[in-house]
Amino acid sequence: MLTRPVLVLSALTALALTVTACGGGAQEYASVVDKAQGDKKLVIGVKADQPGLGLRTPDGSFAGFDIEVAKYVAKELGVEAKDITFKETVSANREAFLQQGQVDMVVATYSITDARKEKVSFAGPYFVAGQDLLVKADDTALTGPEQLNGKKLCSVAGSTPAQKVKESYAKEVQLQEERTYSACVDRVLGGQLDALTTDNVILAGYAAQHGGKLKVVGKPFSTEKYGVGLKKDDSKGRQAVNDALAKMFSDGSWQKALQASVGASGFSVAQAPQLERY
Amino acid sequence: MEALLLEGDTILVAFWMTVRLAVVSAVGSLLLGTALTAMRVSPFPVLRSAAGTYVSVARNTPLTLVLLFTGLGVGANLGVELSDDLATNNFWLAVIGLTAYTSAFVCEALRSGINTVPVGQAEAARSLGLGFLGTLRLIILPQAFRAVIAPLGSILIALTKNTTIALVVGVAEASVRMRELIETHGDQVIQIFFGFALGFVLLCLPMGLAFGRLSRRLVVAR
Amino acid sequence: MSYANLYEVPGPRGIRRNRVLTGVIALGLLAVAYVVYVRFDEKGQWAADKWTPFLRADVWTTFILPGLAGTLGAALAGVVLAGIFGLVFATARMSEHRWIRVPAATVVEFFRAVPLLLLIFFAFFGSYALTGTNISAFTAVVFGLTFYNGSVIAEIIRAGVQSLPRGQSEAAYAVGMRKNQVMRLVLLPQSLKAMMPAVISQFVVLLKDSALGLIVGYDELVDRGLNGIAANFSNVIPAAIVIAAIFIAINVSLDKFAHWLHGRTST
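Residue numbers (this note's numbering), protein chains in the order written: chain A, 1 to 278; chain B, 1 to 222; chain C, 1 to 267.
Here chain A stands alone, though its shape is the one from the complex (with noise of 0.2 Å):
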């Protein structure tokens, strides 16, 4: 009497557990430029909670630099804005994505390590960031890491940004974690923290959203370079990639995307980066 329902639901659960396994998977290509030139589509993972980068609006489209970034390179390899497929990802799981092949590039505010560059390739840099504070907009106190001594920061939890203030700047300050940068902004913005760290284009986004209420310290005391992530060893890609990008930089594209998405802070970069193709 009990085993026929268990038997459909497990047949179900099943079922349901190889839809999704199986989802997706078309065809293989061997370069993200085949397959923009194949299928004509792509599927591109951005963050989808960074005001200012990539952010899932209400509508249901994503906004961003990041999302600037993606749309040009993809055009550039022959796939319209209406085919990009964006999908969220998290810093978790971003390699694990190029990996298994769930999305085709990843452009969410990616730094190029030598660690990360064993799994995945990287195109770029398309942006170079640095660490910075950002605090209340009336906080004239606190202008760079080395006056965070007995002060309150918050950051991201499993981010080392945080760790790293605290061992080469101020050996006194006291670190908060946070699961979300919102959480941290609320914090700062109730006066409870005195800073939140991470990169300055993120923290532009919170302070353009915030119009007035906060602001960016802007003595940034670290380099991170944005890329965009590929699958490892597709060359094809990384040279068309950066191709599209040298584009972009040149033909002023880059300068208007940023001014548009986080150019409300106040924030502004005078220059493109310098690509480094490898």
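All clues stand as given, with none of them false.
The calculated label-pair distances, taken between Cβ atoms and stated as ranges, are:
| hint | chain 1 | residue 1 | chain 2 | residue 2 | range |
| --- | --- | --- | --- | --- | --- |
| 1 | C | I15 | B | T53 | 17 to 27 Å |
| 2 | A | G60 | C | V20 | 54 to 64 Å |
| 3 | A | A81 | B | S49 | 51 to 61 Å |
| 4 | C | Y37 | B | D84 | 24 to 34 Å |
| 5 | C | L27 | A | Q100 | 58 to 68 Å |
| 6 | A | A141 | B | V24 | 27 to 37 Å |
| 7 | B | V19 | A | A141 | 32 to 42 Å |
| 8 | A | T113 | B | W16 | 31 to 41 Å |
| 9 | B | G212 | C | R98 | 13 to 23 Å |
| 10 | B | W16 | C | I15 | 45 to 55 Å |
Here are the simulated BS3-like pairs of lysine-lysine, each with C-alpha atoms no more than 30 Å apart in a straight line:
| hint | chain 1 | residue 1 | chain 2 | residue 2 |
| --- | --- | --- | --- | --- |
| 11 | C | K50 | A | K215 |
| 12 | C | K50 | A | K136 |
| 13 | C | K43 | A | K213 |
| 14 | A | K151 | C | K50 |
| 15 | A | K215 | C | K43 |
These are calculated hints, taken from the structure and not from any lab test.
Even glycine gets a Cβ: it sits at the ideal position worked out from N, Cα and C.
Assemble chains B and C onto chain A, guided by the hints.
Using the frame of chain A, we list chains B and C on its own:
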């Protein structure tokens, strides 16, 4: 293996934090849970419904959200500062969140314990002239507790494991360290996982055995 | 359900005293609520622009409903698989053969002791190290939910079988049933019936626990709903209140369903 040996100290510190969170929250939950139970069986409808609402809200909200409310709601918006030191402050906020959540389960367990106490017990107590609190404290609760030792043990084990979610309010307990270790020693995921899993087994298994034995020893013979 | 036997039925004076106390208590509770309200108000948490997003249809279709679908999807798969896992391991743990009983007990005790968060982490990151392929966030979440809740359900079912009077299995053997028939036709159905409320409250736990999927980027209600909305409108607290209300509504209905089921089957 090296990752575990190399970081042995930080791992022990993290587990010590897990133990402290669990012990302090367990005491808090037991007290608050008992108080909630008393409220739910009290003569005052307003207390009964307040405690009832509290229990069903706390029991049905994911712990992640409960802790988010204590961290951001109680901490940031109510402006409760329990210590000037951020780490201590977070520890106590995590304790508040875990207690708020776990006490609802303690209350449910105790209430079913009260159900196992025969009606005659309460009637006899009243006929001796004991009031509500006296009946509850001297007659009902001692028997109810003894009936629900095993479920309380399960709640304690669940609480110990739930401390891993305290990372939401920024407490660096075992799961935070595990995540960091996996990120820095990506090649040793398996060893790291089994190391941490073993830590939790060592914490939880004796608890399960002890509560099992205790519940058999203290069972109310009827 | 009535605890009225814990105290005397109050007389006229008692009723008056209770009324006064009720008033005092109610005032006290209201005062606490008021303080919370005022403090939140000072921080602007009730500001209209933090709440109006929830009146927009697109906020629901972009964030909340897809998140809800993710949560329910993972929970449903988890419930079915955990139920199967529970049945299998409960039976195995009650086996007469030591070589089945001991491994089954070890597995159940292990997964009962390891926090779900660790299991999900492990499934997500460990799958690559073990098999060379990465599994999706959905699979990692369902894996964790299945093994953790499955082992709890196994224990619930085992307790249910053990609580049955011995006469049940003795009678079944007496009419000539085999071991597997006794378990399948006599013991399990009765214990499941008795343990249904406990099993369903474990499913409520499972549903809530699916929220932990956010740490591996699974698109569920907390990640997609709360974080997505808060990133757009910077309203963490209001969004958390709305999301919590949705969870509570679902879980309370599950609870009600469990009670209804219990009432129907225990006659």
